[in-house]
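4 protein chains.
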Amino acid sequence: MIIIMKPQAAKENVDAVVRAITSKGLQAHLSQGDQVTIVGVVGDKTRLMHDNLELIPGVDKILSVTETYKLANKKFHPQDSTIHVGDTPIGPGQLTLMAGPCAIENEEMMMQTAMAVKAAGAAFLRGGAYKPRTSPYAFQGLEEEGLRYIRRAGDAAGLKVICEVTSLKALETAVRYVDMLQIGARNMQNFELLKEVGRSRIPVMLKRGLSATIDEWLNAAEYIISEGNPDVVLCERGIRTYEKATRNTLDLSAVPVIRSKSHLPVIVDPSHAAGVRGYIAPLAKASVAAGADGLMIEVHPCPSCALSDGPQSLTFEQFETLCRELKPYADLAQRTF
Amino acid sequence: MIIIMKPQAAKENVDAVVRAITSKGLQAHLSQGDQVTIVGVVGDKTRLMHDNLELIPGVDKILSVTETYKLANKKFHPQDSTIHVGDTPIGPGQLTLMAGPCAIENEEMMMQTAMAVKAAGAAFLRGGAYKPRTSPYAFQGLEEEGLRYIRRAGDAAGLKVICEVTSLKALETAVRYVDMLQIGARNMQNFELLKEVGRSRIPVMLKRGLSATIDEWLNAAEYIISEGNPDVVLCERGIRTYEKATRNTLDLSAVPVIRSKSHLPVIVDPSHAAGVRGYIAPLAKASVAAGADGLMIEVHPCPSCALSDGPQSLTFEQFETLCRELKPYADLAQRTF
Amino acid sequence: MIIIMKPQAAKENVDAVVRAITSKGLQAHLSQGDQVTIVGVVGDKTRLMHDNLELIPGVDKILSVTETYKLANKKFHPQDSTIHVGDTPIGPGQLTLMAGPCAIENEEMMMQTAMAVKAAGAAFLRGGAYKPRTSPYAFQGLEEEGLRYIRRAGDAAGLKVICEVTSLKALETAVRYVDMLQIGARNMQNFELLKEVGRSRIPVMLKRGLSATIDEWLNAAEYIISEGNPDVVLCERGIRTYEKATRNTLDLSAVPVIRSKSHLPVIVDPSHAAGVRGYIAPLAKASVAAGADGLMIEVHPCPSCALSDGPQSLTFEQFETLCRELKPYADLAQRTF
Amino acid sequence: MIIIMKPQAAKENVDAVVRAITSKGLQAHLSQGDQVTIVGVVGDKTRLMHDNLELIPGVDKILSVTETYKLANKKFHPQDSTIHVGDTPIGPGQLTLMAGPCAIENEEMMMQTAMAVKAAGAAFLRGGAYKPRTSPYAFQGLEEEGLRYIRRAGDAAGLKVICEVTSLKALETAVRYVDMLQIGARNMQNFELLKEVGRSRIPVMLKRGLSATIDEWLNAAEYIISEGNPDVVLCERGIRTYEKATRNTLDLSAVPVIRSKSHLPVIVDPSHAAGVRGYIAPLAKASVAAGADGLMIEVHPCPSCALSDGPQSLTFEQFETLCRELKPYADLAQRTF
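Line by line, the protein sequences are chains R, G, F and E.
Just so you know, this note's numbering puts 148 at position 148 of the first sequence, and the rest follows in order with no gaps.
Just so you know, this note's numbering puts 126 at position 126 of the second sequence, and the rest follows in order with no gaps.
Just so you know, this note's numbering puts 199 at position 199 of the third sequence, and the rest follows in order with no gaps.
Just so you know, this note's numbering puts 326 at position 326 of the fourth sequence, and the rest follows in order with no gaps.
Just chain R, same shape as in the assembly (with noise of 0.2 Å):
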């Protein structure tokens, strides 16, 4: 921690930082420059954390070194995990491939997912029992019974099953059904919902949140293993901005930033992201070259009678073709699926 103080700030205002820092056993050093006097904090700045130190006068601000979330970091951490869900693991030398549709209709539409997109090569089914929806007027999922249905297409196909929980109560329901838990983009920073999950030792892929930097993802990260649970997989799909040619935007760069900032595997979801279904295949292609361990992607018997989504679903010869187009690009990338 730098403590940065004004121009103008008098001797006895850094003397008051500087008391500040060493009544908390911790140690300050000065640099006196030209213009401006900087203190540097030395020693467990966690102390600190409750003194508003930029409330002393004479502070101009006050500037972090090192990130607030410590298990989700590579500096702690260099080596790249795979996480396991089962006998499946997600990490170096994999592409997975999770798909299936956005929301779960009943069945049949399931089993006949399942067998299309493990044909194809996905690892996972994913399907919607809990749909987080905008308006209360639109369709909100068919709950545990949506469970069911994909538990069954699931073993019956021989694919993993991973559902978004969006409360507690789902989450309860959820953890007697699925292999993995998903967080949606919305409950990011719900943060009982993140300690809940932490504490229930399932496999969770954890979205990045509609408007969250990669440092708040990671930490909404620290606070599901920081529960006991280091079986976290980190979801790149898409951010909000200005531009609206796409749902949103696909921050692809996230992929080698999480690389370079953590441990943790990073498959992208490019169907919420893209909105459209003809971008999926493009962003799919450049999101394995770019490094990521996975994708998500929306498949459906017939997108256009989808509840959810449909537009951005791939019907499964569309999900077939780009499977085996996806071949070559995972080959170059070392992985397999």
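Be careful, since some hints might not be right.
[Said to hold, decoys possible] Listed below are the simulated EDC-like cross-link pairs for lysine to aspartate or glutamate, each with C-alpha atoms no more than 16 Å apart in a straight line: (1) R/K6 - F/E67; (2) R/K195 - R/E172; (3) E/K6 - G/E67; (4) E/K61 - F/D309; (5) R/K244 - E/E216; (6) G/K244 - F/D215; (7) F/K169 - E/E172; (8) F/K6 - F/E54.
[Unchecked claim] In silico negatives: residues of chain F with every beta carbon more than 10 Å from chain E: (9) K6; (10) G25; (11) L63; (12) T88; (13) G91; (14) A156; (15) A157; (16) R199; (17) S260.
If you are wondering where the hints come from, they were derived from the structure by calculation, not from laboratory data.
By construction, the Cβ of each residue, glycine as well, lies at the ideal position given by its N, Cα and C atoms.
Fit chains G, F and E to the given chain R structure using the hints.
Chains G, F and E only, in chain R's frame:
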């Protein structure tokens, strides 16, 4: 709802769209342009909700004509609403001041703050018992103990009490203590929580999400109202933009925009928006001038010892000065506090 | 300037950084933390401008302590400036109203507008002779002919005249007609134009770029001042964000931020920010309450026949009403117009 | 064009809209909904450009159906264009690599760079002779001297030469030296410059503005093409968002979006987007996978001594490695370099 066809759309594409519409008992109005054909839909559009017309070949885009929120919509409720929190009204003619610390730290500081802000003109005591914090290692709030403190302080000073709830569990406890619930920015689309708050029938202040559009915000209000709780007050608290000179960018235009789109009262929180104490007074005055129904301001007996958000908190004296300076602005806006 | 080393930086990395600094005759102050080493630089940092310290192995990041703008900086010019446009001051104590149509359409409408806005209290007549338009097929302005019209109208009504210049050629012509130049949002970083305006010695209003940070904006002002023209007035006109309910998002916090960082006057243009006529009056009042030194408002004799930006223009009557309503806000802010 | 009336619009309001339309020789198609009335306009909409239909009482909003750009629009030019810079094509089947330093510093470094990037596979040598810099005190470029250096270096190595022009004066000089002009992000809406470049008939690369929508970007291209210069290549270089982990947010979705909306080639500049050297290789591969027609990469003989943008420049060796790694991605995309 309007469907715009692509220039090269064939007649059978247009026919397919028309069929999709009429098959639900709705009417389709064709408008044959020189470049494109446009199809207008007349009737109850919710019947089309599960049809993905975008996917019919030849469709270019679909435009929505009417808002999805109804109960929060001024079009269907032209008169501005007054929300009653016990005997305290929020709405036209009022400038409701809510003040207090970011986090409840102990009983004494709540008592002191309550007395000070009441004397200055506040009607509500605020204070966080459940604190959503970016890092799991930051102070998370006193929970029920904090609620007891704020209740006692509010009662002693004759102030209404407002607290944020961050989960169903917190809600269950909070309803026994507070006069008004607060949904924070991070939970604006925590739909489970919104629905439960809607069932609680306790007045609620709904903060705008960090990157929520005004349309999404009003849809979130709709979640609460549609569950039976009409007593919703909106609170603008800054949105996330590229500009980092302030913690968030206060979107003061939201006040007249809400006024034109909804009948619900809207108050402004300049403390969280600015994040810097020196900007609060000018922004508070600006909020009143823009037509806000109230203000939420962070006040702390000793900002430099606050456990949270000290740099943006006002001292008692600063708050008193602000209230004095706000009076003539309230007069101009024909509001009292 | 502060250099933060990576946790794993070797002693020779730190030594290399120190050498790079001392080799330019500057001093390096080491602060050995428990996790990281920090190197503070003391002396004239511009000597390091061409050294890319970031690339020395072991360097994590480099933080700048002081702003790059000097002449626009309040730290070196603590008293708020008053800019004089002829005998008309802009700055403390004044509320300078600039009004007129978006585009100059003909002489008659300029005459009518000049008389109307003068009567209502404006000090400046605005009007675009060179219009930067998104589409090449939209109306681009009357150019020199327009300048003649606005000059005559300004003279007839006793108003100062302000016009946007969009190129060096436009500047060359405009200096013969106008009292004040305007640099529009799209040209805020058209550095050639800024420099030439700096050499012109005519007072200039510099609008904030569509997505310019306040820091970049002040650096743009520095371009003008450093060429010899100190008479710069800043104009906040809304920034681009994800929110589309208004044309741009008026960043009213910019007013107190500028006030704390610069001595230059700052005025607000609510017309371009809001893009909707009904939001202009509340935002104009809010701007005055936030401390703005003036307002730029679009006024048109017949908004529904305007060639540009009609929907956001006020009629004469609406402008007169607004001015009357602004008076008490100006009084409260101890400003006159 | 579609005009949506307010629910409470009276019949005479609708009649007024219809009259405004028919008075220009256009047709109005009424669609009477249960809640609102919609008026479709058929015919040449430019005739309505000067009518502000929004201001007719009862009008709620006006929606545009067709894009304002025509010459850059794929709808009217369905086949993807190949732009020829001398004998060097940019477009389908090509992966055009442009490489070189951010700023031209001296002749020797340009010679060295030209030889190195040519050997690695580049077709163009880039280098800034006119540098738009945020601060007036930063290095601004060697101007004509720099153009001489890059021309000689390009000729010596057998590379085409591309340079940014930032003003009409720079353009006048540059046309005598370069094979391709570059319009930088800050000048994307410097319409005077765009028009003059349009008259120059030299191929031009148009970078996307810092916060430009894709629609505005294509309209900027339209400015150039409509003046007679059809040889426009677009360049995505990152947009400004709230996320600060990278210098800008690379909007890679822009590649498929442009592909669907325009026939112009689009290349990607990952160097300026990322601002961090380590992220360039993954983003370059991702760009090719997403369908880009080329890449612009910063390369410097000694990044740690670069006068500008050193931290994001590759060394010769790193560039050579990147080109070798890009080859199989180019093969997959059926492109050669």
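For each hint, the structure was consulted:
1. R/K6 - F/E67: Between R/K6 and F/E67 the Cα gap is close to 12 Å, so the pair holds against 16 Å.
2. R/K195 - R/E172: holds (13 Å)
3. E/K6 - G/E67: Distance of about 12 Å is within 16 Å: holds.
4. E/K61 - F/D309: holds (14 Å)
5. R/K244 - E/E216: holds (12 Å)
6. G/K244 - F/D215: holds (10 Å)
7. F/K169 - E/E172: holds (14 Å)
8. F/K6 - F/E54: The hint holds at about 11 Å.
9. K6: holds (13 Å)
10. G25: Given that every Cβ of chain E is farther than 10 Å from that of F/G25, nearest at about 18 Å, it holds.
11. L63: holds (13 Å)
12. T88: holds (28 Å)
13. G91: holds (23 Å)
14. A156: Per Cβ check, F/A156 is outside 10 Å of chain E; nearest 26 Å; holds.
15. A157: Since the minimum Cβ distance to chain E is about 25 Å, F/A157 lies beyond 10 Å and the statement holds.
16. R199: Label holds. Min Cβ-Cβ 13 Å, cutoff 10 Å.
17. S260: holds (20 Å)
The structure fails none of the hints (numbered hints given earlier).
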